Amino acid sequence: MPHIALPHDLPGIRGAMAFRPETARPLNALVEVLLTGPNTLTRGERELIATYVSSRNCTHYCHSIHGAVAAAHLGGDEALVKQVKTDFTQAAISSKLKALLVIAGKVQQDGKLVTAADVEAARQQGATDLEIHDTVLIAAAFCMYNRYVDGLGTDQPDDEALYRERGKRVARDGYVTVSEEYLATHAHATGH
Amino acid sequence: MPHIALPEGFPGISAGFTYRPETAKPMRELAHVLLHEPNSLTPGERELIATYVSSQNSCYFCQTSHGAAAACHLGDASIVEKVKADFQAAPVSPKLKALLAIAGKVRQDGKLVTAADVEAARCQGATDLEIHDTVLITAAFCMFNRYVDGLGTWQPRDPEMYKQMGRHLAEEGYTAPSIRQPVATT
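Chains as they are written, first to last, in this note's numbering: chain S, 1 to 192; chain B, 1 to 186.
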């Protein structure tokens, strides 16, 4: 049950974005650049970082939807996504991504926990400065999105089919386009 | 010592923003809307929330730069120190204290916010928008603090530098850099 009067028909972060469009804009622009922009890390890899951090923060809506987006980018491999959430060291992902997930896990707790050794380990596996930067920022940003979704008490449905479908949409169209659609639909439905 | 080759002479978040302008832009816009644009919470109150969260996260650069911005808005640096030390005893409104209690919970985990916390803020006159923005300012600073610390940015101990930053932030906000060129690192 949300702590403030969020729209009933929009779950998770969507209701919050409809409530405050002025902050929704930069929130969507940031996730769009981080997770869909041109990058040497694939979209699937970046969504796995976001999913992993959200799972560590136990934010159901976030790890479900980003897990679904990740799966859509990874040929529908939901088992892989689940393995990354449970224990990424055993997942069928690259050694480089494993080293980056170690860094993400530390940032999730406290940025000061990242050591030179963690960064060197990622470099040994071929991570570039930009990839390390973006890993830190994705982890940091999801510590924001997770607290936003949980802190307002948003509705976080338990509906795998819903997340699967939405994950495919977002994987295809990105965050800005999808948010513009549901915000426009919501405005039309509520006469705003 | 930064973990990646950040541009030298740019303190704290300005190094990250200079390194990666594509992500800097929406981050700046978010901070500008949340902390500087018109709101029923004053800019001073909002900077106090940001400073409190950054202090609880032990991020030196963020708590000091936003503390300086708060001090500028409020015309009083001592309030900032009192809020950091013990906001319940600080000379701020009961409404702000109730919002800081919510911020303290969100900082740890958004799921810790209870209906009672929110009701307590409403009893002191907090609106839905003020509660929303308190949650999002807190969440956003959990991002900014981790970004600044996670990259190992240079966080100088020069009070005058922070005072200037604080003045710029209070007067101009966040869309334009407060540090436009490298400063001496010694």
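Since the hints were derived computationally from the structure, they do not count as laboratory data. Take these hints with a grain of salt, some might be off.
[Stated by the list, open to error] Which bits of chain B does chain S cover? Going by a derived footprint, with three or more residues having C-beta under 8 Å, they are:
id: 1; stretch: 23-29
id: 2; stretch: 67-77
id: 3; stretch: 140-149
Since this is a predicted model, take the numbers as computed values, not measurements. Glycine residues also receive a C-beta, built at the ideal position from the N, C-alpha and C atoms.
The hints, checked one at a time:
no. : hint    : result
1   : 23-29   : holds (count 5)
2   : 67-77   : violated (count 0)
3   : 140-149 : holds (count 9)
Hint compliance for this structure: hint 2 alone is broken.
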